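Enquirer: Sequence:
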Amino acid sequence: MFLDNSLNFSKDINNIFLAYEDNQLVSLINIFIPTRHEAELSAYTHPDYRNMGYFRELLTSATSELKKYKVKRILFTCEAQCLVSKDIIKKLGAKYAFTEYSLAYDFNHTENKILSSMKLSSPTIDDIPTLISLGEDIFDENYEESKSIATKVFNAEDREQFLAEVDGKYIGMCSVRFENNEAMINGLGISPIYQGEGYGKDLVYSILNELIKRNIEKIAIEVDSDNDKAFNLYQKCGFKIETAFEYYKKNL
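Be aware that the sequence shown starts at 1, since it is given in this note's numbering, and climbs by one per residue.
Note that these hints are calculated values from the structure, not bench results. The structure displayed is predicted, hence computed values, not measured ones. Just to be clear, a hint being listed does not mean it is correct.
Claimed, not checked - Distance ranges between label pairs, derived from CB positions: (1) Thr124 to Leu25: 26 to 34 Å; (2) Leu252 to Val84: 18 to 26 Å; (3) Ser117 to Glu79: 35 to 43 Å; (4) Ala156 to Ser117: 25 to 33 Å; (5) Arg36 to Glu197: 31 to 39 Å; (6) Glu222 to Leu115: 19 to 27 Å; (7) Phe107 to Asp12: 22 to 30 Å; (8) Cys82 to Gln235: 21 to 29 Å; (9) Gln24 to Tyr143: 40 to 48 Å; (10) Lys119 to Cys82: 36 to 44 Å; (11) Leu18 to Asn112: 29 to 37 Å.
Stated by the list, open to error - Quick list of in silico lysine-lysine cross-link-like pairs, DSBU-like style, CA-CA up to 35 Å: (12) Lys152 to Lys236; (13) Lys152 to Lys169; (14) Lys68 to Lys86; (15) Lys249 to Lys72; (16) Lys11 to Lys67.
All C-beta atoms, glycine included, are put in the ideal place defined by N, C-alpha and C.
Work out the full structure: start from the sequences and follow the hints.
Expert: Written out as structure tokens, the structure is:
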């Protein structure tokens, strides 16, 4: 469970809710809230304390906190094979939205050949406007959302951003979150006017080559089931499905 709150749209909002029994932690809810549009909620209850109301009690507190900050929707997440969790989520009135696949890079994949003149660079604070503009173009974010995410990722100690440059123009970007000797690739994309020319594959290979050079032991990336283009690209670049998470949405 990912507990980092550095990308949440507000530092003041509570994103972790805990329940104890005799000083023992028995249940928790964590919320990832990069924008006010929706909150991604994950939860866990110790098997010995399930069906005792702990989750619902925490959910009530979490929902109240989200409403206070005018968050519009909850995305419940659970592993695709966990039938019990899916049943609980459906009983709450949440509807299936999509599946997200966690992919891990197969280091036996040996292609990693960049066909364009693409170069990677680490942005400086002067490049924040470029990151904001790319975020707006690539991920259809509004200015404030893109500014918030770009700034927080830039300042995060466990993350590193990269800009993709071709012929003197910044055409894409991505960020990498590091933990121990593992890396998670996030926010990877190419500006729409440059898509369809092979730059997406070159950006993936550029990042992979950089991480391999740093002796990273595990490289992962996540992709939604409705993003066939990215899903197929990552598989061609050597990524294989590791786990699948289903998302269910409910308006607040």
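Enquirer: Quick check: which numbered hints come out false for this structure?
Expert: Numbers 1, 7 and 11, in rising order.
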